[in-house]
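There are 4 protein chains.
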Amino acid sequence: MKIAFIGLGNMGTPMATNLVNAGHQVVVFDLVESAIQTLKTAGAQSASSAAEAARGAEVIVSMLPAGAHVKGLYLGQENQPGLLDALDGKPLIIDASTIAPEDARLVAETARERGLSYLDAPVSGGVGGAKAGTLTFIVGGDEAGFEQAKPVLEAMGKNVFHAGESGAGQVAKICNNMLLSILMSGTAEALALGVKNGLDPAVLSEIMKQSSGGNWALNVYNPWPGVMENAPASNDYQGGFLVDLMTKDLGLAWQMALESKAAVPMGSQARNLYVQHAAQGNGRLDFSSIQRFYRAGEE
Amino acid sequence: MKIAFIGLGNMGTPMATNLVNAGHQVVVFDLVESAIQTLKTAGAQSASSAAEAARGAEVIVSMLPAGAHVKGLYLGQENQPGLLDALDGKPLIIDASTIAPEDARLVAETARERGLSYLDAPVSGGVGGAKAGTLTFIVGGDEAGFEQAKPVLEAMGKNVFHAGESGAGQVAKICNNMLLSILMSGTAEALALGVKNGLDPAVLSEIMKQSSGGNWALNVYNPWPGVMENAPASNDYQGGFLVDLMTKDLGLAWQMALESKAAVPMGSQARNLYVQHAAQGNGRLDFSSIQRFYRAGEE
Amino acid sequence: MKIAFIGLGNMGTPMATNLVNAGHQVVVFDLVESAIQTLKTAGAQSASSAAEAARGAEVIVSMLPAGAHVKGLYLGQENQPGLLDALDGKPLIIDASTIAPEDARLVAETARERGLSYLDAPVSGGVGGAKAGTLTFIVGGDEAGFEQAKPVLEAMGKNVFHAGESGAGQVAKICNNMLLSILMSGTAEALALGVKNGLDPAVLSEIMKQSSGGNWALNVYNPWPGVMENAPASNDYQGGFLVDLMTKDLGLAWQMALESKAAVPMGSQARNLYVQHAAQGNGRLDFSSIQRFYRAGEE
Amino acid sequence: MKIAFIGLGNMGTPMATNLVNAGHQVVVFDLVESAIQTLKTAGAQSASSAAEAARGAEVIVSMLPAGAHVKGLYLGQENQPGLLDALDGKPLIIDASTIAPEDARLVAETARERGLSYLDAPVSGGVGGAKAGTLTFIVGGDEAGFEQAKPVLEAMGKNVFHAGESGAGQVAKICNNMLLSILMSGTAEALALGVKNGLDPAVLSEIMKQSSGGNWALNVYNPWPGVMENAPASNDYQGGFLVDLMTKDLGLAWQMALESKAAVPMGSQARNLYVQHAAQGNGRLDFSSIQRFYRAGEE
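Protein chains in written order, with the numbering used here: chain U, 1 to 299; chain P, 1 to 299; chain B, 1 to 299; chain R, 1 to 299.
Keep in mind that the hints were calculated from the coordinates and are not lab data.
Don't take every hint at face value.
Which copy is meant is left open, because identical chains are indistinguishable; a pair holds if it fits in one copy or across any two.
[Stated by the list, open to error] No farther apart than 20 Å at their CA atoms in a straight line, the calculated lysine to aspartate or glutamate pairs in the EDC-like style are these:
#1 K150 with E206
#2 K248 with E259
#3 K40 with D142
For reference, chain U alone in the conformation it holds in the complex:
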């Protein structure tokens, strides 16, 4: 299949590589030249603009940092028209960026007016999942588009969910990550409280994991150093999912709560903890480093 891939950052680069490896004909574009070179080495073709990459494509995949970039790409910005107005065919468009649902809905609606099908398909699984091809895609858009996108997404990921109509992929992703921030800070808080009261963190982790405290953080991502050998916590909180990215996703959760007038006391608490943690210089650490916030003052 001929696929245009736009946005070759830490996530986009391995995702596009997996599409190449799956046998697709991939044409890539990014503003950073070196990123393009990496993909050419991997077997992709390059283009000098998003519009050029999209020429003749059956599918367009984009992976960009924020809503402003996605809107700029598809709807246009000061110095250039939007890609939606520069297409020569009717490719299926899949945006894998994590952005506000209302931004996703705006692009989807504009695409629909031009007879195009646009899916929001944010991912979870991080850089590790992107490299291993084990990402989870959470997709918003119509059923037909979803079925068409599925084989493409399965070349980059393991699980592909259909969350609902346009924007629903973003909503589900943001809800999930808000809950994740609550699980992680709650788990770190429970471990710190137990240790301050004499427990061994590994013993307490094991007990809670097998009891009603069981959750993703305890199962595969324990935040206490040394409890789980392969977790970022045991590697000085390097790698993984950055505090800065969690903070960004919690910002999207707040926006969503504002627009829908939802009370989010647990998510707000987690957001403020993560922002405070980032302000204290930890933005580039893995998000399980919130454990350190709870251990301030230890020798």
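Start from chain U and add chains P, B and R according to the hints.
For chains P, B and R alone, coordinates are given in the frame of chain U:
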């Protein structure tokens, strides 16, 4: 084995019954006569006081509502001496009540001074687990006592954990339940936010369960009515683990945080939500009914 | 002075009336015809559009519900050009609406490009202050514009503050109202805690007012019914500053916190309390009714 | 009048000195010999035990760190009988310590059984107020005792409030200090948010002080360095009311909330902020230093 069982409430009655059914010789005592009758029917012997029940026992098991009752029983109170001073042998003492760790440590220390072994062994699993004999016991005390207690506890439960020294069972139980309150309110919050933004609660539950939002509440105790057939949420939040009991456990978490000068922002948030929810008349509902707090104002 | 006044809602109507009463020549416009009639009766002239009202004006004052309306008015929207492009002179523009600082800065910048001076001048004091002419104006913009605006603002208010450059009026207003929500909910919480522990709310109010707990809510707006005769609390929480409006302002505070990556744990807590309180059907009550949230379950 | 004064810490020393200066015959006791010497120099007599100090006294004043000390003094502890059982007359007892209301009520009740009148009379105003004789006393106990105590208290303070029956002084003091912690952290949060968005902290302080954000912190204790010359903030947060003491009082507020099943979301938030701030090494700074928590990451 000859076992004295003191405290025949909603939990103690089925627990003592399971000991009878396992072939032990059980002598029971409770202040409520009808509770004693139930156990006699089940095959236990009765006593007219805790001291009488304990006479000649190899093991004493107690299951009482709060720390004041446990201290009253073992250390004595105004009108009666403590059981620790009324024993004719050296039975192993197992207290399965959920109380403050410092209360547990005080009784354990006093027992130790009299050459007695005392374990704190709070349970999780609720009335359902007590009846089915599938409770989880989280035990604090020395290794020898733990090994001696294990077969007795296994007649009443499925999992038996050794959390550490005296008091550690209470610490671990309280940490777990604080985390549980965070998982449940966080899950309810994420579901409410998603639904307000157009998602189907069952679809969102499935996505988060299989993603990094996965946790005990989503796996076996979904708080949204109708998503999980056998959960209390699908039965008008009847039965299960009462809001009032979760509130009590969160009070113990606060006490522990006060004594150890621990910051517990997530647990505090959950505690205040549950207290508010109880104040609005929901204390006798299952604790997953916190979902309703997030749905106020829906038609 | 010839003044155009755009936006005749609950606040705009008495504000424009006070300008008429101060002897200014006021030309008004609103989408609601009946509002225009009220002002004509009071002595104003009417116009059939904002542009017509602004013709020949030395000063334009606008008082609109939200940022979208302010941007629509001055920058234009789908079906009409912005007022900034339809002016025949160089009137001073004063927008008294409470909107996001970035929206205010955008309009100010666009005005500046056209050689116009635009001030953001949100008010506090509510409908009562608007009628009595005792509003507080908090102004953002350059010094020259501020000095020029002062006499006009003093016809509608008692205090006029210069907070800083464009947008600073909005920032200061939003910070103040976030703090106000914290004072009010904190005061209500302290009173409820004291009363639950046996104190008389009037006695406790007096003690705290004269101690380090002293604050605006205790001084002039006591939230406990009966303590302060003229406060909304003593009139079933009717009138005053609505929960819905406080909720709106707390939303602006969240937006500001998101954009500046600020942790706002106290303001977030207050925002979630107010949103919850509104969801329970109290949006149209005075914001001191948060006291009721703390009294749930009382007979 | 003959007055026994027990407890010569940072607060007790200047308080007893003021009683001496007012012409009373003061007999002091403390476990620290050097503290006694200071008072002897000031003109007091010394005693070698609390019981000896109390011999023949018309009034007993105590000023101790915590409830355990107060109960130990009056009700006795392991190695000594309580003072209530060692008195030769019927002195009025005034305890100025800040302790849990239930502890105060227990001592008051025991005193009453012995025909003695006991008042709880916690103070606000800090070491500065103690030295200047401008403390505020918040008194719990019966009317007759209150009237009898008033002239003695007025020798040490400026304001004397009668909050209600036994324990009410503690309840009111704790409510006030919980509210104070909310005012201070809320004010620091609003200032930090304003400054991050371009405002001058002095200008914003002035605006909020004169608007509905006005509160004790803005009026006399501004937390931003340099805004108020004589505030601890302008002296590196030295002196004043220590973070560790505010944390202790917030712990008493939590205890009270637990016992009365009160939701305290704002006070809990403040408590966790202060505990976190203390854990990061700031326990010995003035409590307005919470401003630094909000400024983490600034150059």
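Is it within a copy, between copies, both, or neither that the alpha carbon of K248 lies no farther than 20 Å from that of E259? both (17 Å within a copy, 11 Å between copies)
Classify it for me, K150 with E206: is the Cα-Cα distance of at most 20 Å met within a copy, between copies, both or neither? So K150 and E206 pass the 20 Å test across copies only (18 Å; inside, 37 Å).
Alpha-carbon proximity context of K40 and D142, limit 20 Å: This pair counts as neither: shortest intra-copy Cα distance 33 Å, inter-copy 54 Å.
In terms of the numbered hints stated before, the structure departs from hint 3 and from no other.
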